Structure formats: structure tokens, C-alpha cells
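Can you build the whole structure from these sequences, using the hints too?
These protein sequence lines are chains A and B, in that order.
Plus 63 on top of the position in the first sequence (first one is 1) and you've got this note's numbering.
Plus 230 on top of the position in the second sequence (first one is 1) and you've got this note's numbering.
By construction, these hints were calculated from the structure, which means they are not laboratory data.
Since this is a predicted model, take the numbers as computed values, not measurements.
All C-beta atoms, glycine included, are put in the ideal place defined by N, C-alpha and C.
Certain hints may be false.
Stated by the list, open to error - Pair ranges (Cβ atoms, derived): (1) A:Thr375 / B:Gln474: 29 to 37 Å; (2) A:Thr390 / B:Arg866: 34 to 42 Å; (3) A:Ile282 / B:Val413: 51 to 59 Å; (4) A:Lys114 / B:Pro762: 33 to 41 Å; (5) B:Asp335 / A:Ile267: 22 to 30 Å; (6) B:Arg327 / A:Leu378: 39 to 47 Å; (7) A:Thr348 / B:Leu766: 56 to 64 Å; (8) B:Ser410 / A:Thr375: 43 to 51 Å; (9) A:Gln245 / B:Tyr683: 44 to 52 Å; (10) B:Gln752 / A:Ala278: 40 to 48 Å; (11) B:Pro762 / A:Ile267: 27 to 35 Å; (12) A:Lys114 / B:Asp324: 37 to 45 Å; (13) A:Ala278 / B:Pro592: 39 to 47 Å; (14) B:Asp335 / A:Val97: 50 to 58 Å.
Read off the chains here:
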Amino acid sequence: MNLRLNPQTIKKLRRFRQIKRGYFSFLVLALFLVLCLFGELLVNDRAIAVKYEGEMYFPTYGAFHPGTDFGLNYQYEVNYRDLKVLFEQQGGDNWVMMPPVPYSPFENDSASGVFRPEAPNFDARHFLGTDSTSRDILARLFYGTRTALIFSLGFMICVYIIGVAIGCAMGFFGGWFDILCQRLIEIWSNIPFLYMVIIVFSVIPAAYSIPIRIAILLIVMVLFSWTSMTYYMRTETYKEKVRDYVAASRVMGASNSRIIFRHILPNVLATLVTFMPFTIVSAVTAITALDFLGFGLPPPTPSLGELLKQGTANLRTAPWIVTSAFTTLVILLTIVTFIGEAIREAFDPKKYTVYR
Amino acid sequence: MNQLVSRLIALLVMALLVACGDSTETDSATTAGGSERDISSEVEAYYAEHADFFRFKTPADIPADLVWEDGSELPDIGSPDARKGGTFYGAISDFPRTLRTVGPDSNGAFRNYILDDVAVQLAHRHPEEYSYYPGIATAWAVDEGNHTVYIKMDPDARWSDGVPVTADDMLFLYFFNQSSYIVAPWYNNFYSVNYDNITKYDDHTISITTAGPRPDLLSYALEHTPAPRHFYKELGDDFVERYQWRFVPTTGAYVVHDEDVDKGRSITLTRNDDWWAKDKKFWRNRYNMDRIRLSVIRDTPKIFESFKRGDLDTFGLNLAEYWYEKLPDTDPDVQNGYIYKTVFYNQWPRPTYGLWINTDRPLLNDLNIRIGINYATNWDLVIERFFRGDYERLNTANDGYGRYTNPNIKARPFDIDKAQEYFAKAGFTRRGPDGVLVNDQGQRLAFTITTGYESLQDVLTILKEEALKAGLEFRIEVLDQTASFKKVQEKQHDIGFTAFGSFLEEYPRFWEYLHSDNAYDQAFLPDGSVNPDRKLKAQTNNLLSVADPEIDRLIEQYDTSTNADEKMELAHRLEQLHFENASFVPGFKQPFYRVGYWRWVRWPEGFSYKYTDSATGLYIHWIDEEIREETLAARRAGRSFPPHIEVYDQYRAQ
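Set out below in C-alpha cells:
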């Protein structure tokens, strides 16, 4: 598929940059996505770098280092925070550089010796406090949000590929194919999606790893969500199909695929693009809701929904849990919505309309 | 012609009669009784067919040399200061699926309110002295040689609808529980296999004979609530639907009126003013509230918020989270003396919280791996950090059975070196890139823990983190209660985190969870070797899939043993064998119960009794409505009372 940017599109993009609110939201989100890619360097219980006996170690990625690697007497993974303290006490050449948030989203780390929610504590670097089993909230929030974002991007891409392909085909070929597909879609879209997710998820063996489970959840959600896209694509394709330029290219002997991909698709792009951010919003909401209800990812996977659930259960005694999760969710959804509105406005052919 | 007319008239009359009959039937079916169906003749026929089981004799047949007991020397239960009256406000997390007390869905938490804690049985264990005090029975006599108990029933006993309770209701109990109509195979089995016969001598005298001698003969004979024969007259294949929402007449103090069932929202119990036992010695100071209103509140945090508002009278504070964080001693309502907090140390067979390892699974069938898992599971940390040292480590699957619990068995402690040593013996010597042990075939040392306890999933996440240190990975699967129970009952689990509930029994049971009968269909061939084609048996409590001929032999010996010392000895050996089998990782036990309650809920001095498992189960508490008014007024006006945080440790085990 070769979608060359035409002057129209370039104009639209320029327009998007002029809408400051949406543009900056986009930059913030992009920055966050980049941070997410290197998340293990920012939020992790593994050190970024360790210098031990003249040798450098970079434990962030790759295999774990047992305690024996650094002269400790245990075979399980080194506790780098303790190691750092130890090296500082020894005062030698050895040193440890920890990430800004030196906790993994799974470990129970309690200052008081009791596993319970503890308020934000900058000295211990629990910047947002800990949850009900003394796990760092910032770490859980960060990885939970990352999962939700990657998930919803994947969701969006899959939904669009299926939705656009089928929608275009329906609009372009029309006739019996169109009618048949429409009826099938109507039936399909009447299956309640949330229940299906719950049912499917309850039969997946727990032995599957977390990424596989996320992938299955993604597939199930995509299977039940692609239908709405087809309606828009179908009408748009219908509209474009009867335009003169399509007729002209057909007269010139263009094949169906060439007409669809080279002529029709670039012209319906505007419709597609405006829906994208809202698809992401709905995907983030859906996965959060599932986790909140306890049907999402298995514990102890960090997630926004799980944090919200803990937060509402400890509303009075640990308000920092719900505050963190809620604020993150609001900011995330608001940013994406701002971007969506800006895109819609930028792609709106009528420049001066209600959207301003 | 005349003949024809008279025939027509006759037909018309008959039609009218039928119509009338119809209307009365539908009326009565929705109220009580019901004349549409009457299985009395079927019951009689059943008795006749099973004449060996249902025997009819005369009072002259009762042996003369019996020693009759009546438990009357035991102390009263409850306080004479108890006030009658008032309404108790409670919460249930789910609306009962049925008002039946047997059959599908009947075994929910609500049944306690209409059967287990409320209905009067023939006799009950005294919560302090352990021996029996009378309920419907006025006296009983044991004939050890013939494993028979003779029982005299109280002629005063009445069903809540006024019908007298008679020996026929006891016979009917056996018919009822043996019949397939009730769709309750466990009961069918229990009431057939364990008994030899029930004999009626007159309307208020019976005897019950068990299938063989047993040391706890009395509990098998006396712990029954009769079944109301007149009420179950319409018993049939449609039992489940027909009786779904009909309140069963009870021998106990509380009844449910139709108008008090607000489906999905609340259900209210009302004290029966004409309750036959209201002035009887062991019953007069109990069941004090006029009404018990139970609202459906689905979420524990919400139940707690309701309690804190004063909408509910009591709240269980067993979880450390509630006792220390959500209702700490410093809470204004506690400090101002509006809400009382109480810890009561009790004696009770402890629920078996722990990891039940399915030994049929690959890798888990290796003893070294099971022992390694035992050493790699850090319950001590959970108890110390999560339960804040309030709970204790469970040592066996039979803790709390007094001398039947082997005192020499101590659960294996968390020990990374030992765990690694045993894993190494099983071939797991190398650590993979994620720190999990791997064997030469590339298998990871990872198992799934299945649980239905959503509120305890935090415990599992702590165990998971700790086990990783020993190179063991736990994957956690949290299902809802029913699904999880089904999964472990069908032996689909690697490891189940669950507990078997406990009820007050003299000695533990082993057959249920250790005997090979409950692990496989035909575990062994006749020559004693392992049956190569054996299949796992579903729907049994042998979650461990343990099949060991030595254990089987001891259990069979244990179950038939009538000598208490021998039984104890066998119990100790079985517990030792089970320990060596390492298929159960004992978790924690809670040696007390804790409760928070508003000032107007009153308990007797000393709070409760030795053998109790909840604060409200005996119904010795009462509501003082005057204090309720006073407290609420004081709370509004900002006046306070002395705080009341009590620990009752008179029954604490040393």
C-alpha cells in the first residue's frame, strides 16, 4: 500500500500543528510512548549499571544475576538496592546506579515491616506510596499504563485493518455481497462483547504466559469490535465509488485493487483518522473496566483497573491509591481526546465550523 | 331422556367440583400444605419395602436396663440479663438462591440463618462442656453393644406452623434424605450408608442404629433436625422448583414470612412468639432479637461502610486490614465508645488453609519437588507481615482436634537452601534467565495455584515473590468461588489454595481427602499393584490425588476403630504419613475470631464459649434499643463513652 502524502494531507497536518492543545497533547503522548519503550531503565528493581571488581554490568535487559555474581551468598536475583547500600558502606571502587524509581511492580517493600498501604515517601523513593501489599504504586501505574497503551494501539491497528478491508469491500462490490455482509455484521455485533470476553478468558489455561494472555484478550476484543468501522468505510466507499475519478481510472483499465488502494483509500483517509483516537480511548476504558471487574489480566500483573479496584476498597485509609490511578486515567484519556478533536478539526473540510 | 339429563347434570357437577378443586389447589400450593399431591402412601410403601431400615415396635421392646441421660446438669447458655426485642441489622453478600435447606444451591451462607444456627436438633453439643444438651430430645440412652441410641422426644416440640414434632418426622427425615427427589447425592449417601435402622416405639420415642460401632455414636444419632412430614407432602420430581421459595417450617426460633422476602434486596427473619422452646433451660436466654434484617450488600468494603454509618450492627474484623487499618483502636467511633471491638480466642477444628498439591500432575508426582515446594513457600512471612503475627502457622491438615492432632508434626519452614537441595535431587539444578529453575529437558519449575479466595490473592502474590528466590515460579489463577471449587474437585489443578471448612467433631476425617477411593477409580489392581489405566475421580475431596495402600489400610482401620486410644494412635500415624507425602503445604490458622459492633449490641459476660466459631452463631447476643437511641443521640451531640476494646483469651491454647 503506497499512500503518498498529497498537498491536501500536508495542509491538514499543518492545520493540526496549528491547533495547539491537540498538538501539545500529541507531543506529550509521543514522549510518554518513547519513555515507555525504555521503561525498564526508569522504573525497575534492576540497576542500570553496576561496577564490581573493575568490571561493568548492565543488568537491565537480559538474564538475571544471582547474588553470587556480586560476592553475595545467595543464588537468587540480587537485590540491587541493598547492593548499593552495601557498596557505599564498603567505600571501595564498586558502585551501583539505580533507576529513578528503584522498584519493580511486583516486589513487596515495606518500610514498617508490615504489608499495608503506605503514603508517598520521597526518601524511600515510593513517590506515589505503596498499595495494599506494599508494592510501589508508581511502578505499577507505569507498567499498567504501558500495557494499556500498547494494547490499545495494537487493538486500533487490528480493528482498522479488518474494518477497513471488509467495509471497503462491501462498499465497492455492493450488491449481494454487501447485503450478506451487513446481515452477518448485524448478527455478530449483537453478541454482548463483555460477556464473551469474560467467558473466553475464564477458559484460558493459567499456564499461558502474560503476553500470550494479553494477545488472546486483544484478539477477542478485536473480534467483537471491528464491526462498527465497516459502516463508515462502506458508506464512504459507496460515495467515492461513483465519483468521476473512479470511473475515469476504470475506463483507463485500472484493476479493482488499484482503484481501492490508490484512489479510494487515500480519499477516505480523513474519516479513518478522525476515529482513531476515540478507538484508543474506548480500548483503554475497556481493558481498565475488565481489570476492575477482575476479568482482565491475572494477578499480579500491574494494571490501571486493578489499582482502581484497590483504591476504591481503601478509599478512606489509603486515598493515594485511587488518586494516582484516577488521575492517570483522566490525564491519559483527556490527552487522547484532545488529540482526537484536533485531528477531526484539522481534517474537517469546512474550516470554520462548530468545532472551533 | 331423563337419564341423559341426569347424566349431564352429573357431569356438570363434576366439572364444577373439578374447577373448585383446581382453585383450592393453586391457592394452597402457594400458601402451606397443599392437597394436590400427597405422597403419604408412597412413604408408607417405602417403609414397608425397607422394613429392615424403618422398624415399628412397641414401648415394651425398649430394653429396661438402659441408662438415660438428659444433659440437664450442664450450665445454661447465654445470660439471664439478655433482653428480648429489638431488630438486628445484618448484611449478606448475595441473596439466597433458594429458601430450601437441601438440594441445589441450598448450601449457601444464608442457610445458617434458617437451619444450621437456628433449627433445634434432637440434641446439641454444649459450647463449653462439649457433651450434649437437649433440644427436641428430652433424654437419650446408648446401647454400645448394638450401636444404638434410644431417644425420647419432647412432646412440647412444635413446628413453627403449630404442628407437633413427632417420631414420624424423624422417620420421614430418613425417607426424605434417601429419596432422589431432593437432588442431593451426598445426603442420599450419608443417610443410607451410615445407618442400619431407625425404629419407632411410640409417637415420641425412637431409636437410631448406625451401620457399625463408632466412638462418636451420639453425634450420628442426635445431631439431626427432623423433617416436617406434613410440609413435604407434595414431594416429587419437581421438588427443586416447587419448594424453591417456600419457607420450611422450623423447630427453631426464627421464621421467614413471605412478605419479608424482598428478592435481591433483603430478607427478614421474625422471632416466633409461640416458639415451643422459649422457656426451656438451654434456650431461654438466646434468640433474643425480635427481627433480624439482612440486606444484600455485595462488596465487603461497602458492608464495612454501612456498618460504620450505623446501618449494620456488627462487622467481622478477622482480616488484619480491617482490625488495624480501617477500624483502628484510634478511630473516633471506637475512642468515643460507640463501636466496641472484641477478640475472642476459641477452640475449634481449624479450616485447612494451605496449598493442596495434585500429585497426579507431572513433576508434582515427584516427592522431592513436593518437599521443595514446602520449603519454598514462605507462609511465615505472610503470617508475620500480612496478617501481622495474629495468625499462626498451620502444622497439619487436622489442627485443632485436641489429642487427635499429632503434636510432633511441625510444618516445614521457609528455607531456600533446603528447597534448592530437593529441587536439585529432582533434576532442577540450573537457573533460567528469569531465575526460575530448569531441568535437563528444558522444563521450567513453574506451577499454577488456583484459588477462589479473591480476598486472599495478595497472600499468593507474596508467596510468588518469595518462591522465586528458591527458583520456583507460582502462577496465580483467581477464579470465582464456584468455578475454583469445581476445578479442584475435578482435579484439574496443579496446586489449589483452598480450605475445607470445619465443624465441631470429636476426631478428624481422613477418608475424604486421603483415601485412594477418592483419588482414582480403581487405583490398584486386585494383586495390589498400581492400575496402569486408572482414571482420576472427579467430585471428591481428595484434592491431592493421593493413593497409597499403606494410608488406605490405616484409614480403613481408623474408620472402624472403636477404641479412642487406638484411633488417636492411628490418627497420629496418618498425619505423619501425610506429612511425609508432602502433598499439603499447611498455611495459616486463625486461633480467634474478631468482631466490631455498635454499643447497643450486648453479649454475656465472658463474651462467648470455648467451642464456638463465630460471635453470633449461638444467638446469645441481644439488642438494647434504649442504648441504641442513647448512643445515636450522643453521637449527634458529640458526647462520648469509655472505649471498649476487649481480648478474651481464657480459651487460648498455650
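Exercise. Would you list, in rising numerical order, the hints stated earlier that this structure does not obey?
Key: Hint check: 3, 4, 6, 7, 12, 13 fail, others pass.
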